[in-house]
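Using numbering that gives the first Met the number 0, the letters of the sequence shown correspond one by one to residues 0 to 345.
Be careful, since some hints might not be right.
[As the list claims (entries may be wrong)] Pairwise CB distance ranges (calculated):
no.: 1; residue 1: Arg-22; residue 2: Gln-228; range: 33 to 41 Å
no.: 2; residue 1: Ala-254; residue 2: Phe-101; range: 33 to 41 Å
no.: 3; residue 1: Asp-26; residue 2: His-94; range: 29 to 37 Å
no.: 4; residue 1: Ser-296; residue 2: Phe-101; range: 25 to 33 Å
Bear in mind the hints are in silico, worked out from the structure with no lab data behind them.
By construction, the Cβ of each residue, glycine as well, lies at the ideal position given by its N, Cα and C atoms.
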Amino acid sequence: MRYNIVFHPSWWNQNVGIDFSERFWNDPKTRIEADQNMRRALYERFGAYGLGEANPKPRPLLGSDMLACGFLSSQILGCAVEFCSNDAPQVRCLHMDEDAAFALRTPDFDENPVWQGVQRQIDALKGEFGYVESYLDFNGVQNLALDLLGQDLFLDYYDEDSPAEHVLDVCYETTLQLCRRLSACSPCFSGGVSNIVKSILPEVCLHSNCSVEMISQQTYEQWLLRYDQRLSEEFPVYGIHHCGQSMEHVVDAYAKVRNLRLAEVGAFSDLARVAAALPPNVRINARYSPVRLAQVSSAELHADLEKMVQILPEPRLSISCVGIDASVSDERVGEFCAYCRELLPD
């Protein structure tokens with residue numbers, strides 16, 4: 000299936016009663032039961048469009064492919080995380096000073112208490128089910144650095160004596176170690192970054208470049224391109240998640256990443272410009288704005304989706320709408336799915 004939807008935690012909490020407090024993330028039994036309820040609710044509301052399951056069986060999942068949120072790598076490096084019943088976990092920035100930043104080291108995962116909590120879940124799930132499905136979002140290098148330094152990271156890019164390069168190196172090594180461990184226990188390990196990969200490219204390593212929207216192509220090439228290159232060498236089926244609304248402003252640099260096979264393109268990006276810049280073997284998952292979904296007429300929605308397909312009239316294209324909340328009616332969500340099914344046949 001070349002389309003999907005992802006609801007905001009507040010939608011799940013309001014409509015299905017799912018509680019996303021810390022127990023959801025740390026207790027496999029709680030999470031598995033919640034996941035069954037979520038899949039059943041999807042079927043009851045949107046089963047006609049191929050979503051959900053009438054009688055869902057338990058899945059040995061880490062994290063959730065029903066949500067879009069990442070916090071684990073930040074927590075591993077010492078950030079506090081605030082859990083909430085009706086929202087995604089919120090990472091509290093460390094705002095490291097220069098001394099703390101230079102003292103930062105890549106964690107020993109075998110000793111790190113946060114990762115060891117995850118490892119215990121992996122061991123328990125493997126013991127019960129024989130395998131694990133990982134839907135943990137492993138985040139991205141600059142995203143993680145921002146959780147450590149805050150906006151000072153952007154100032155540090157212009158200071159040759161700053162800790163920026165050291166912090167980014169640690170963030171890269173942490174991301175790499177996390178990806179290695181998740182990929183070792185789950186063949187599809189990027190489903191927590193973007194649910195759609197399970198259908199279109201399950202083996203991909205999808206790196207989150209959300210915050211690259213905030214910098215220029217020159218800055219990306221100077222500071223961050225090297226990390227995408229290194230990760231793509233480690234994981235030769237590689238993808239870049241760029242949920243910002245102007246991927247075109249860095250797409251020429253993204254096109255330089257070896258082994259790039261998937262680009263997730265944020266809503267309101269220039270899809271034609273992006274498609275033209277990337278090699279033809281790169282799949283494109285185009286995001287559709289959940290805010291616009293709530294606002295447009297049925298005819299406008301169909302026209303929006305049809306335009307995407309006209310730009311990429313081949314199996315190269317898939318479409319996601321992520322972060323849908325209660326402001327969007329079930330009828331409108333159903334229209335989105337129906338139009339996608341019409342325009343993107345399997």
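Taking the hints in turn, this is what the structure says about them:
Range check, Arg-22 to Gln-228: Cβ separation about 39 Å, and the 33 to 41 Å hint holds. At about 34 Å, the CB distance of Ala-254 to Phe-101 agrees with the hint of 33 to 41 Å. For the hinted restraint 29 to 37 Å between Asp-26 and His-94, the CB-CB distance of approximately 31 Å keeps it satisfied. At roughly 55 Å, the beta carbons of Ser-296 and Phe-101 sit outside the given window of 25 to 33 Å.
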